[in-house]
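Q: With the hints as constraints, model all of the structure from the sequences given.
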Amino acid sequence: MIAIIENYGQYTHRIWRTLKEIGVKAEIIENTTPVGEIKRRQFAGIIFSGGPSLERVGNCLEILERYEEFGIPLLGICLGHQLIAKYFGGEVGRGKKAEYSLIEVEILKENDLFVGIPRILRVWASHMDEVKSMPKDFELLARSEFCEIEAIKHRKLPIYGIQFHPEVAHTEKGKEIYRNFVSLCKI
Amino acid sequence: MKSFIEEKVREIREIVGEGRAIIALSGGVDSSTAAMLAYKAIGERLHAVFVNTGLLRKGEPEFVVKTFRDLGLNLIAVNAEERFFKALRGVRDPEEKRKVIGRVFVEVFEEEAKKIGAEFLIQGTIAPDWIESRGGIKSHHNVGGLPERLNLRIIEPLRDLYKDEVRQLAKELGIPEKIYARMPFPGPGLAARIIGEVNPERVRIVREANAIVEEEIERAKLRPWQAFAVLLGIKTVGVQGDIRAYKETVAVRIVESTDGMTANAMNVPFEVLQRIAFRIVSEIPEVCRVLYDITNKPPATIEFE
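First to last, the protein sequences are chains G and U. Just so we're aligned, residue 19 is where the first sequence starts under our numbering, counting upward by one. Just so we're aligned, residue 61 is where the second sequence starts under our numbering, counting upward by one.
Hints listed in this document are in silico derivations from the structure and should not be mistaken for laboratory results. There could be a bad hint or two in this list.
[Said to hold, decoys possible] Heads up, incomplete: computed chain G residues facing chain U, CB under 10 angstroms, no partners named:
#1 Gly27
#2 Tyr29
#3 Thr30
#4 Arg32
#5 Trp34
#6 Gly76
#7 Asn77
#8 Leu120
#9 Trp142
#10 Ser144
#11 His188
Cβ atoms here follow ideal geometry from the backbone N, Cα and C, with glycine treated the same way.
A: Right, here's the structure in full:
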């Protein structure tokens, strides 16, 4: 079972559906749920959904603070990606240009998350803010013309961030990206 | 899907027991599917109420009433056009319009519900409805506030589904293709396709324009997710028969999508667009300009309001 932490994003339920479509059980959990309670559920992986504001990410930061207690793969999407970057010392702010709908991302590192994904991928994005500088101990996995930091990975821990939305129908190979993430989880 | 139908039919039977349920049937894919699912579960004890708001598509009220009576549904049709127009007088703000329409709808529906004396309310809410309404993008157009007042228990059998799945389900339930294959239509009806005040005159313009867009799309055998016309409420200058015109502007929106959550403006052949523009301007004397919307969702939504 994967936990999807709800940050009030447009596509939170799409994440749940995408996982369902690839045969993976998941549950959408309110971000106000006490971290101890989430921990007791013994999820195999955690996904931070997107959302409108870093002010409304509830207990997501506490999950990151207590990450060692979990030790399971963690993926942040859009706002979730930004909050991971910020927690680990990256800078988040308004991008020069907003990115909406179709963009092309360049996959720089075909590591675990992007295995079998073409080098140039047409995806859908929807964000004004972005990660402006890399967090400490992270490596860059993907970039685009308007946003330098489209996907990141922690160098030692299974913590990932993706700026665009692999869960929407318009993103190419979105299911494969989730499949790759799920294959890192012990299900 | 077979097992989904069995599961939901069993669920509805268990919850409703020997009681009675009502549903607001709009004739759209979602409420039609929820109605037929509930009909399969409890038959005559489901009372469907169809409200003509005056904001529906051309020929819609007659079509919906006939189709569902033929399918065997216990259907009550209410004509409430005047009440809606009266309440909408002078209202221009999009969210305010939605609220007014929602309120009048609830009033009309409540009167019928009282007569029936039902204990349960079936709703065709699907996933994008509650996602967008909770996210604050658009307020919910289903019957808010009513369940508490009438002490009705809500049943939403399609809550976790997206449109494509509802269509599949509708097909399996034996609902005619003309219903299950139809394009989504907003809860507030044509009011969502009129910027500014809604009155019978402006509804007539946008209704004709919508009918033309739908006809031409069908003629060209295109299969978009949605195709419609919007009355922008701005006048622009034209020249018609050597005479200066100063008339309404209509926007045409045609998008492709699989679930309504993301959508792209469709690459419609230019000849089709030109034909739509020609017909709108020549058949609707109040209009002198037609625009095509090329924005995707995000950043724009599919409907304008």
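Q: Hint by hint, say whether it matches the structure.
A: Against the structure, the hints:
no. : hint   : in the structure
1   : Gly27  : 8 angstroms, holds
2   : Tyr29  : 7 angstroms, holds
3   : Thr30  : 7 angstroms, holds
4   : Arg32  : 6 angstroms, holds
5   : Trp34  : 8 angstroms, holds
6   : Gly76  : 15 angstroms, violated
7   : Asn77  : 19 angstroms, violated
8   : Leu120 : 7 angstroms, holds
9   : Trp142 : 5 angstroms, holds
10  : Ser144 : 4 angstroms, holds
11  : His188 : 4 angstroms, holds
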